[in-house]
Every structure is written in C-alpha cells, then in structure tokens.
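Taking the hints into account, I'd like the entire structure generated from these sequences.
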Amino acid sequence: MRLGILASVALGCLLTVGHAFAQDKYPSKPIRLIVSFAVGGPTDIVARVMGAKMSELLGQQVVVDNRPGAGGNLGADVVAKSAPDGYTLLMATVSTHAINPGLYKKMPYDPVKDFEPVGQVGITPAILAVHKSLPVKDAKELAALIKANPGKYSYGSSGMGSILHLCGESFKMMTGGLDLEHVPYRGSGPMMNDLSAGQIPMAFDGTPTMLPQIQAGTIRALATGTATRARALPDLPTMQEQGFKGFECYTWNAIFAPAKTPKPIVDQLNAAMTTALNDKAVFGRLQDVGIDPTPGATPAQLADFVKAELAKWAPIIKASGAEID
Amino acid sequence: MIKIRNQQDLAGGLFLMGIAALAMYFASDLSMGRLVRMGPGYLPTVLCWLLGFLGLIIALRGFTIDGPALQSWAWRPLFALTAGQILFASLLERAGLVAAIVATIAVSSMAAPNVRWVSTLLLGVVMSVLSTILFIWLLGLPLTIWPNFG
Amino acid sequence: MFELISNLALGFSVAWTLNNLTFCLIGALLGTLIGVLPGIGPLATVAMLLPITFSLPADGALIMLAGIYYGAQYGGSTTSILLNVPGESSSVVTALDGHAMARQGRAGAALAIAAIGSFFAGCVATVGIAVVGPPLAGIAQQFGAAEYFSLMLFGLIGAVVLASGSVIKAVAMIVLGLLLGLVGQDVTSGAGRFTFGIPELSDGIGFVAVAMGLFGLAEIMTNLERARSVPEGQETVMPVHGLMPTKADLKTSRWPILRGTVIGSFLGILPGGGAVLASFSSYTLEKRIAKDPTRFGNGAIEGVAGPEAANNAAAQASFIPLLTLGIPSNPVMALMIGAMTIQGITPGPQVMVKQPALFWGMIASMWIGNLMLVIINLPLVGIWVQLLKVPYRFLFPAIIIFCAIGIYSLNNSPVDVLFTALFGVLGYLFVKLGFEPAPLLLGFILGPMMEENLRRALQISRGNLMTFVERPISLGLLIATAVLLAIVILPSVRKGREEAFQE
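Chains as they are written, first to last, in this note's numbering: chain A, 1 to 325; chain B, 1001 to 1150; chain C, 2001 to 2503.
Accuracy of the hints is not assured; some may be wrong.
Below, in silico cross-link-like pairs of lysine-lysine (DSS-like), each with a Cα-Cα straight-line distance of 25 Å or less [claimed, not checked]: (1) C/2432 <-> B/1003; (2) A/25 <-> A/172; (3) A/307 <-> A/105; (4) C/2354 <-> A/132; (5) A/29 <-> A/53; (6) A/81 <-> A/280.
Computed list of chain C residues with no C-beta within reach of chain A, every gap over 12 Å [claimed, not checked]: (7) 2025; (8) 2243; (9) 2250; (10) 2354; (11) 2379; (12) 2389.
Looking from chain B toward chain C, a few residues come up when the C-beta cut is under 7 Å (computed) [to be verified]: (13) 1012; (14) 1050; (15) 1103.
Calculated from the structure, these hints are not laboratory results. Fair warning: this is a prediction, and the values are worked out from it, not measured in the lab. A virtual CB, placed ideally from N, CA and C, is assigned to each residue, including glycine.
Right, dumping it as structure tokens:
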C-alpha cells in the first residue's frame, strides 16, 4: 500500500516535471535537424548553413544529425516516426519527398501524411551539358545528333532513380524516345570525372558541379532545366526556351516536421527560416552551392509544391522502368 | 576407411560450401541477364559457384594433406564481446552514451577470465567521462548523454 | 622551372604565417589524437572534425583539414601496429607485419619506420604534385570504366600474394570478400542484393564494421583465450624492447620506402581504390622480391616500411585530382570538396589559376604538415608503446568502446555496430579454421568497383566485349594481370606437385 502511494507520488512528480517542460517556451532544448545524406554533401551544407543561422534566431542550438542510407529514406523515416514536438526536423530533398515514393517498392513513410511542411529553402537548377568534343550547341542539335546515330550515345547520372537519371529520361521522352543508354554512377563526383574526360558524352547535373568544368572548357552547357534561367548562368537559355515545352528539372531543399506538430511551432520555425534566408550572408552561401533561395515560402505553399512534384515525377519514373527494392 | 587428415580444412571447406549454397538461394530471384548485359544476379551466381568449388577443393584436401585438428572454442569471450556490441547498439540511442558505455564495459569485461567488479566499474566511469568530453562536448557528435525521459 | 620556384615561394609565404602554421599544427595534432583511437580512421576523423573548420578562414580551414587527414593516417597506422585494428582500408596491410613486430616487442621500431617512411614519401609526393600534378591528372582521366575493370582485376590477382599460408584458402577468402562486397543496392539496376529487407543494408556493409569485426574483435577474442592459460594474477603484457629502429632496420627499409613512394605516387592519382591498391601493391612487390618471403606476415620490417610509404604518397597524390580537376578520388576528398564549397571556393580546374595563393599555400602546408607530423610522432612513439603496458583487462574494453563509437559515428547508425559483432564472430571462426582475413577485405573493397566498372564499360560500349582489349591502357593492364597470374600460380603449382610427390 505504502509502496503504491510512493509510486504514485513519484509518478505524479515525473508528470509535473514533464508538464512543466511542455509549458516552457519553445524551443527549450536543442533541436535536431536530420540530414538523410552524408557529411559534406550538398544537402549537409545547406543544413549546416541554415542550422547555424536558425540557432542564432531561435536561441537554441540546431544540431545537424546525418543519417545517410537507402537513398534518403532512412533519415526521413526517423523524422516521420519522431514525436511532433518541433525538436526533430528534416532537411528534405526532391529524393525523400518527390521521387522515392514512386521509385521504391516499399516506402517506410508517406511524404504527405507523415510530415508537416515548415518551409522551402530553395531550388537548384539542373544543367544539360556535353563533352567539348560533341559538335552541338543546343539541346535541339543534341537530340538530332543522337537520332542520327542510334546505338552510339549514353548519358551519365548520379544513380538509378536519382533526379539526374529522371532528367535524362524526361529528355528522352520529350524527344520521342531517343536511343540513349543510361549509365548510373555512385554519385555525381565520379560521373563528372567521366563526363569531363569524355568517357561519357552527356549528362545533367546541378550548377555547383557543372560550373567549374564549364568555365574550364572541358564541357559545354546546352540548357538550363528550370523554367527561368539559373542565377549562376544568366546567358544560358532554358530547355523551355529551346522548345522543350513543360520540361522542368531541378532539385530542391525544404524543412519538414513530423505530422501533427503544433501550428505555432511550425509558424515560429517558418518565420526563423524566412529571416535566415533573407540574411545576406546565408543567401550568398546558399548561392555558392548552386541554390536559388526562395525566402518567404509558406508551409501551405510547400504542401502544394510537394503534391505537384509527386504528380510530376510519378509518370516519368513509371515510364523509365526504374525501380528500387 | 577414409581418414580425416586435416579437420580444419574439411570444416572450413564445408563452411564455405554452406555459405555459397545459402547465397545462391538468396540470389536466385535476381535476374541473371547475359554476359554482355549482366543483370544484378549474374556476378553473385558466378561467385557462388566459384566459392562452392573452392570450398569443395579445400574440404577434399582435408582427406589428402595432413594439417591441424580443430581447436576448442573459447565461448566466454565470444559471447561476452558479441553481447557487449549488441548492448551498445541497442542502448546508445535509447539510454544515452553513459548507460551504453557502462553496460557494454560491464558485459564485455566478463570475457576476461577473472572479473574484478570494482575496477570494471571504475573503468566504465572513466570511459564515460572521457567519451562525453571528447565526442559530445569537443566534437559535437549528435549523441545524448543521459536517458531521455518524457 | 623559375615559375615553379616562384609558385612554391608564394605557397610558403602563405603557409609560413603564424596563423596558418598554428592551424597546420592543430590539425596534425588533432588528427593524430583522434585517429589513434582504435576503430576511428581518417574518414571518421575528418568527418567528425569537418564542422569545426567551418568557422575558420578559407586557407586556414583547408590547411587544418589537410593536417587532420595526414594526422589521422599516422594515427590509423599506430592502431594497426599496436592493436591489429586497421581504421581504414589502406592500413590493413600495415597490420599484417606491423602487429607481428609489436608481438615480438618491436612495436617502437615499427611505429618509427612507419613515421619515417611516411615522411619521406610525403616529401617526395608533395614535390611531385607541384611539378607534374596537372599532366598526371590528365593521364588519370584516360582511365575509363574498361581501364578500371582491368586495374581491379590486376589488384585482385595481386591480393593472393598477401596470404602467408595456403594459396587456395586465400583465393576462397577473396571470393567470399567479393560476394560480401555485392551486398546492397545494385548500382546499375537498383535491385537489392542480399539486403533481406533491411534498409541499412541498401548501401552495403561498411568497411570499418567488417575490418573492426574481422581484425579487432577477433583479435581481442583470441588474446583473451590465450590469457586464460596464464595463471591468475599474471597480466599479459606485450614485451617492449628498443624504441627506435636499428641501423640494420633502416638499411633494410631504405629501398622498400623508395619503391613504395613511387608506387603510391602513381596509384594515388587514380580515383577509387588508389590508396588501397598502392599499399598492398607495395607489399606484394616487397614480398615477391624478398630473398626469404616467409618472413612476411611474421614481422618483416619491409612489410611495414613499403606499404606505409606507399599509402602516404598515395594520400598526398589523391589531392591532385581534387586540386587540378575538382574531382574527389576517395570519400575523404569528397569531404574536402564539401569543406571548400562551404568556404565559398568552387573546387575545379580554375582554383590553380584564380586562387594561386590558396593552391600553392596548401601544397606548401602539406610539406610543413608532414614535417610537423614526424616531429610530433617520433617522440610520441614512446607514449604509444606505453599503451601496451596497460593491463589488457583495461585496454580491451576501452578499445571496444572507442570502436563502437567510431563505427556508430560514420553513419550515426546503431545497425553498423551490430554488423561489427557479426563479423567478430566470423573473424573468430576464421582464426579457428585457419583462414586469413586480409584477402577477404581486399576482395570486399575491390569487388564492387570491379563489377560496377565491368558493367559500365559494357553499357557504354553497348555490349562490346572487345572494349577491354581495344583500349591500349586496358589491354596493357590485362597483359600485366596475365603475367602476374603466372607468377602467382607457378610456384604454388610446383610446390603442390612436390607435396603430391611426397605422399
């Protein structure tokens, strides 16, 4: 009996302590920002730049926690299954929230139902480029060259089902099914090695990897994948300008919280993101890594954006036949 | 009657053949493709055959060439160290770094022939303090120190 | 020539400032201290320390990171030699003879020769980068998928020589390593192989988990087993005599260091398995040309000197593709790209032209860093060797904890720690069955690269098998492979026949 009273008192104490914690002003302890890719990669850099500024703004440390694996699904799943208290966030990418759901046979989470959108960081345009030895100046000429030489050309990508693979597949689809072989690599670095050396003739990739090679003249940029021109390459016409109607290929980063995170917390985080993105230093650093920041995007806008992205890629993934166990 | 001359080789060869058979079974639903256009199952299958074949030769050598007999196993270190690793893996994220370290050291120490609990506990405390300072405070690894109640 | 001198002068003027010298020293020291923890190799060290450099100025950050990288490599060799725990792929070979030397009480000599060999190789390779870096990088770019496949094949055949026991058992271990290397998502098709629905397996089994299990845990298990036969109260301590290498040691090591440096400088430029191939090519070569190859695996100092020189030369040379082409040749260099990017530097062919101060400053700091490391490490040899005097019952739990944290930290994944346990059991089984783990590890590292490049070469050539012999570099490597195969097989065939005749 006495033990029972003691236990309930102890439990009561614990509960009040827990309660007191909950009533504290958010954030009252460090926030984990999960990155589902390795240290030093583009998503990690974005997270660290944003994390540093947001720590300052929120008055609590934003700790970057890398959980690489399974094409980003491992880290995203950690957040999907975390408590919706605003202390575990995800730096999401086009892979975790737009491509993987259509690509993986088994998805551990639902990109829409399991997450609360917080805000978008920015988008990175994909650039179409060829090795300098190819006698073409724009995307149209490239398509014609491939058509005239069936069974000869291939394109590189950073992996099966990666955004760069799907860029190539949309290019093939829009040109009426070119005979163009997909050659996947383990990431963008080794692919760029082979592209700049001419081992493969063409590829799509983001601006940060493409720019130095374009400037050095080892590869030639043909087109930008976004609807508007890339900030880093203002003279390069877009695919749409070159007559590829509706061609849109880019990667993006956005922050998500687990579903059912209270709205005040989401709004507070979104406001911090907007302030961070409007900061000159942060904006500049993100631009350095090829991102066109999109400050001021609301959670609702991000929700619509994700749905649109999911709808955009699903048919292309299906048509490409790409599939991951 | 056939005499086993090298128990080690016979057991080793049989072990490799077992691995090869098991891997072959798990690779059976992967598509093979052709030599010039290999599927994901091509190389695993080839390697399984090769491994099985090598295992067979090694096992047969057990009958022809003299060699060492099988030694007894030291079960205590094997179990204690394996259990220690499993404990660390399961405790680290749930109970924090300190609990994981103390528990792992306590269990792993049982691998030694004579356990001295006081010094083991002391070692656990020293390692906890050291690791917390180094990995969490100085290097900023995203680990928790204490269990997370609540 | 004049240009080179003025470039180097510019470099030294950048590196020789108080700030940058301090960064270099801090980097070398931190790298050594973290890298010397068992199970924490250069990749984990650089990844852990990378965020710290984000707040530094660009040249200081890169100089410090480069220092961390070399420091961690020295540290990694130290644990290989003292504890038989290789923290990265290229120090697997060092563990073979280095640890055998430590068992004989010659740990000090092994550590010192590793430091001296590395210093020499580092100096030569740094000059190499400055003089012929850019043209060499161009040659490396001639390596396409077909060439890589042929190179990996060459490496695998060479791996057989690593075995100090039965050749057929070594071959079986290589094949098993190849099979283990295939675990994970197939790069070409996206199909999961041997993943059993475990998402953590989709990117394959981590090298450190395999190496730690097969070498580290299995080593501890056998040590403890041996300790059981020692009477109560008598601690097993490894003997220690003589900290520094003898004159004879230095004389024996002279040529291996030189050959290792040459091999490492060339192979290090190649993206992918450069450093691994370098260290064990050097070992293979030394064992092949030795008068008495049976000494290898039993504490031959050439087996430490050559590979250590080769792996350090390769580590320096791996900066060439990064600095001249902006392309990472290994995971550590990929981290360096991340560090440069966050500093606002776009790595690429333009760095040399646009930021000569940074480029040459880094090269100069490499030389300074190597000098500092030798100054830090030679006196430290004494301290590291003292570690062996710590009673084993304290030492082994500490090793286990550091390894577990190191393995966890690579991917922040507890599952990787579980794999270590699994491979520990497997490693113990191998000890009991008389199999050697080193060839397995090489198969494990080279296998996936070989398969990937084989299939990629066939994809690019649209299924034309002739691509491997039509390309001159690939053809040359294949011929070299055939020659090596003959060298490897003939003596063992002869030996086998002798054994058969004795029946």
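Right, here's what the structure says about each hint:
no. : hint              : verdict
1   : C/2432 <-> B/1003 : holds (21 Å)
2   : A/25 <-> A/172    : violated (53 Å)
3   : A/307 <-> A/105   : holds (20 Å)
4   : C/2354 <-> A/132  : holds (22 Å)
5   : A/29 <-> A/53     : holds (16 Å)
6   : A/81 <-> A/280    : violated (35 Å)
7   : 2025              : holds (24 Å)
8   : 2243              : holds (37 Å)
9   : 2250              : holds (40 Å)
10  : 2354              : violated (9 Å)
11  : 2379              : holds (32 Å)
12  : 2389              : holds (36 Å)
13  : 1012              : holds (4 Å)
14  : 1050              : holds (5 Å)
15  : 1103              : violated (11 Å)
Hints 2, 6, 10 and 15, counting from the list given before, are not met by this structure.
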